[in-house]
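Colleague: As a plain string of letters, each chain reads:
2 protein chains.
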Amino acid sequence: MSTVTCQISVSLDGFAAGPNQSLDNPLGEGGERLHEWALATESWRAEHGKEGGERGVDSEVLDEVTQGIGAHIMGRRMFGGGDGPWDESWTGWWGENPPYHTPVFVLTHHAREPLTMKGGTTFHFVTDGIEAALQQARAAAADQDILVAGGASAVNQYLAAGLLDELHLHIAPVILGAGERLLTDVGQPTLEQLEVRSSPVVTHVKYRVAR
Amino acid sequence: MSTVTCQISVSLDGFAAGPNQSLDNPLGEGGERLHEWALATESWRAEHGKEGGERGVDSEVLDEVTQGIGAHIMGRRMFGGGDGPWDESWTGWWGENPPYHTPVFVLTHHAREPLTMKGGTTFHFVTDGIEAALQQARAAAADQDILVAGGASAVNQYLAAGLLDELHLHIAPVILGAGERLLTDVGQPTLEQLEVRSSPVVTHVKYRVAR
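Chain order of the listed sequences is D and R. Everything in the first sequence is counted per our numbering, starting at 1035 for the first residue and increasing by one. Everything in the second sequence is counted per our numbering, starting at 1035 for the first residue and increasing by one.
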């Protein structure tokens, strides 16, 4: 069966985004600092159609976590477009060719027809909860893995429900002080540390979640 | 000048002790799980007068962080004995030969005469704040380093005041869900990741705090 994984950047004080998220500032104040390690890599740049970037541990980690993924799941806020019923002109933050290249199941309270983008990404809007979204993602992924892409609330919900197999954190040397807290209200899952890697700017730690 | 360091074990969700700390359960519910990595080492056992234990990365880290320390600082709750005026029969959690072997400056609101233990540990009770305690620790440490031993509140206060030079976290693969939160209300200090080491049961990350 597919492994359900999560990879997410987090501040040392446990936030996956800064405070005061908005359409102009989707990662919240200071939130972009959590992703600096990734943006510097060749892997991220190639995934976003750019040349150049660094090869190294961070690039390798990014390659690995995005490999073999057959479907993504994300929260409504990560997809963006504001709260409430959809403004159908909103097609995500990523332009016409989003960096997912698989079906993406967006958790929402508001129905919407699937949205097919370039490069193999189709956004499906799931209104009947995280288990239904996972079921659809499993069907779409076949024998590939499923990545819960974020944000913090979606990850916390899957972890709390015992539906996550692996948690891959990229711990940035950043203290945000406020924002979207990861690993809160998740009960007390048992974790096993599988792997630790680091570059000078980030610590990558991979955990298995015991069922 | 002496380096002011901190080394502390923390859960993956950011707690340095579990909820409901008490005299019977000084680390709070589940808090002992943060220290399992240390208790297994030869270093910890030798420091506490016990034989045996494991040699390896965790043991090396523990040796290094306790080396060259000329004075310790700790919060009142870490020294223990309950809140309010002192019960002078309370001489700490550690028996007659505490594992500090230096002067230890205890932050408290209640005056008390210094308490000399075996093995070179003398507890000094400082009632005029964290800066005064640091000044006394600097005088006592001479050219050796000063270790802020905990708990979370003492570490947070020194970090918030810009008085900490280095922060050495031992991140345990444990989610406590509640307790004494580290790295909260500390402002937004700038951190530089200096070193990452790991064993199968814990991730050690050392940061420099920019002044």
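The set of hints was computed from the structure by calculation and includes no laboratory data. It cannot be assumed that every hint is accurate.
If chains are identical, the list can't say which one is meant, so a pair holds when it fits in one copy or spans any two.
[To be verified] Below, simulated DMTMM-like cross-link-like pairs (lysine to aspartate or glutamate); rule was C-alpha separation at most 25 Å, straight line:
id: 1; residue 1: Lys1084; residue 2: Glu1066
id: 2; residue 1: Lys1240; residue 2: Glu1165
id: 3; residue 1: Lys1084; residue 2: Glu1226
id: 4; residue 1: Lys1240; residue 2: Asp1199
id: 5; residue 1: Lys1240; residue 2: Glu1070
id: 6; residue 1: Lys1152; residue 2: Asp1097
id: 7; residue 1: Lys1240; residue 2: Glu1226
id: 8; residue 1: Lys1084; residue 2: Asp1177
id: 9; residue 1: Lys1240; residue 2: Glu1229
id: 10; residue 1: Lys1152; residue 2: Asp1179
id: 11; residue 1: Lys1084; residue 2: Asp1121
Colleague: None of the hints should be skipped; say for each whether it holds.
Modeller: Now for the hints, and whether the structure bears them out:
1. Lys1084 to Glu1066: within (18 Å within a copy, 48 Å between copies)
2. Lys1240 to Glu1165: Within one copy only: 23 Å inside, 39 Å across.
3. Lys1084 to Glu1226: Cα proximity of Lys1084 and Glu1226: none, with 36 Å in one copy and 28 Å across.
4. Lys1240 to Asp1199: within (11 Å within a copy, 28 Å between copies)
5. Lys1240 to Glu1070: both (19 Å within a copy, 19 Å between copies)
6. Lys1152 to Asp1097: within (21 Å within a copy, 55 Å between copies)
7. Lys1240 to Glu1226: both (9 Å within a copy, 22 Å between copies)
8. Lys1084 to Asp1177: neither (30 Å within a copy, 51 Å between copies)
9. Lys1240 to Glu1229: both (5 Å within a copy, 18 Å between copies)
10. Lys1152 to Asp1179: within (21 Å within a copy, 58 Å between copies)
11. Lys1084 to Asp1121: This pair counts as neither: shortest intra-copy Cα distance 29 Å, inter-copy 67 Å.
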